[in-house]
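Put chain B on the given structure of chain A with help from the hints.
Chains as they are written, first to last, in my numbering: chain A, 1 to 127; chain B, 1 to 214.
Watch out, some of these pointers could steer you wrong.
Stated by the list, open to error - Taking CB as the label site, the calculated pair distances span:
id : chain 1 : residue 1 : chain 2 : residue 2 : range
1  : A       : Pro88     : B       : Ala95     : 25 to 35 Å
2  : A       : Asp16     : B       : His98     : 51 to 61 Å
3  : B       : Pro11     : A       : Ala17     : 29 to 39 Å
4  : A       : Arg23     : B       : Thr76     : 38 to 48 Å
5  : B       : Gly172    : A       : Asn25     : 25 to 35 Å
6  : A       : Arg68     : B       : Pro81     : 50 to 60 Å
Unchecked claim - From the derived model, a few chain A residues whose C-beta atoms are all more than 10 Å from chain B:
id : residue
7  : Asn25
8  : Leu98
9  : Val103
10 : Ala118
As the list claims (entries may be wrong) - To spell it out: a stretch of chain B is covered by chain A in this simulated footprint if at least three of its residues, at any positions, have a beta carbon under 8 Å from a beta carbon of chain A; those stretches are:
id : segment
11 : 65 to 75
12 : 180 to 188
Treat the hints as calculated values from the structure; they're not laboratory data. Even for Gly, the Cβ is constructed at its ideal location relative to N, Cα and C.
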Amino acid sequence: MTNHNELENLLSAVTDALLADERTNLDSIVKRYAVPRNEVEGLVGIVRKLHMTLVGAQPSRRFVNRLRNDLVGTQRANIVNRVRYLPPRVQIAAGIALVAGFVLLNRRRLVEDARHEAQEIPLLQQQ
Amino acid sequence: MNIFKRKSKQPDLTKLEDPELVLLAKDDQAAFGVLYERYIEKIYKYIYYRTGNHQDAEDLTAAVFHRAMAHIENYTERGVPFQAWLYRIAHNLVANWHRDRGRRKIIPLEEFIGPDSHFESPDMATEDKEERTALLAAIARLPEERQQLLYLKFVSNLSNADVGDILERTEGAIKSLYHRTLLALRDDIEMQHTRVGAVGRAPVSNSDKRTEGN
Chain A
1 MTNHNELENL LSAVTDALLA DERTNLDSIV KRYAVPRNEV EGLVGIVRKL HMTLVGAQPS
61 RRFVNRLRND LVGTQRANIV NRVRYLPPRV QIAAGIALVA GFVLLNRRRL VEDARHEAQE
121 IPLLQQQ
Chain B
1 MNIFKRKSKQ PDLTKLEDPE LVLLAKDDQA AFGVLYERYI EKIYKYIYYR TGNHQDAEDL
61 TAAVFHRAMA HIENYTERGV PFQAWLYRIA HNLVANWHRD RGRRKIIPLE EFIGPDSHFE
121 SPDMATEDKE ERTALLAAIA RLPEERQQLL YLKFVSNLSN ADVGDILERT EGAIKSLYHR
181 TLLALRDDIE MQHTRVGAVG RAPVSNSDKR TEGN
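Chain A on its own, in the form it takes in the complex (with noise of 0.2 Å):
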């Protein structure tokens, strides 16, 4: 009586062998098992049909393009995308410069805002 277990593997290493390499001598993986040939020979030329039989097919380039598209390629141009790849120091430099122009920003608009105050209260008090 064969053993399931025995069989089982059997075939499930005749396959992937196959689907691995077509020219494989299935024959020495045969060997390797405690399988009575004529019980195998029959199931083995089946996978070797279907191997011949199911071959994949290739969806079409323009397809696949088209739905890549679909897909990815309205990526946006973000911008944290294009900073995560920056190297480190220039990252720092880039985040040190934006702070340092926000108070480059803040602190000419207070100067201008201390300006107008200094040239509106000599005006109030010729009023």
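The following block gives chain B in isolation, referenced to the frame of chain A:
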């Protein structure tokens, strides 16, 4: 030194494994693009065999990837690898497609048959083609899960472990199911051969469809 060379630190996404790419793909479309390139052909082939025509295969493949992209933020591996997750989406969409149309697969068998091998005589070539046609007809009579198993193994070229992830079974259970599927195919072909006397000429009808369990 060009410190503004923007992509100098960008990792080669194509070298990353699926789990890393999935994490990146949650907010980086380029990473999703790599996953797309990795699986588009496999998913397409699988759907093509299950629908039987290119137009529906394209529509459903597009739906699979749109759905995957929409839900990738919520995807966490938890024992279901990304590949298995994609195939499960594909399986569900194909099942819905069959249900919505209320029909069985109409498969132009000739289209599925691989390229002819080189035979010494036209008779041998004809016989080989008839055998392959009979085999496809026998596959079409198998229960759904067994057909799926064969397509995943032979069309998508997946290992038993990967098939197990998709069908939610152990690797051992897949080996066993595969063995039983081959036996069923062999018996079916022999039966058809005996019945009509010529392999592959038996019509495929619903009454022939097996209803046995797995």
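Hint by hint, here is what the structure shows:
1. Remark: the range hint 25 to 35 Å for A/Pro88 to B/Ala95 is contradicted by a beta-carbon distance near 49 Å.
2. In this structure, A/Asp16 and B/His98 break the distance hint of 51 to 61 Å, their C-beta atoms being roughly 30 Å apart.
3. B/Pro11 and A/Ala17 have their C-beta atoms about 35 Å apart, which keeps the hinted 29 to 39 Å range intact.
4. Our hint of 38 to 48 Å for A/Arg23 and B/Thr76 holds, since their Cβ atoms are close to 41 Å apart.
5. At roughly 27 Å, the beta carbons of B/Gly172 and A/Asn25 sit within the given window of 25 to 35 Å.
6. Against the hinted window of 50 to 60 Å, the Cβ-Cβ separation of A/Arg68 and B/Pro81 comes to about 22 Å, which falls outside the hint.
7. No Cβ of chain B comes within 10 Å of the Cβ of A/Asn25; the nearest lies about 18 Å off, and the non-interface call holds.
8. For A/Leu98, the non-interface assignment is confirmed: its Cβ lies about 16 Å from the closest Cβ of chain B, beyond the 10 Å cut-off.
9. Interface exclusion of A/Val103 from chain B stands, the closest Cβ pair being 24 Å apart, more than 10 Å.
10. Every beta carbon of chain B lies more than 10 Å from that of A/Ala118, the smallest distance being close to 43 Å; the non-interface claim holds.
11. Coverage of the segment 65 to 75 of chain B by chain A holds in this model, with 3 residues showing a Cβ closer than 8 Å to a Cβ of that chain against a need of three.
12. For the segment 180 to 188 of chain B, the stated coverage by chain A holds: 4 residues have a C-beta nearer than 8 Å to a C-beta of that chain, and at least 3 were required.
Going down the numbered hints, you'll see the structure goes against 1, 2, 6, while the others check out.
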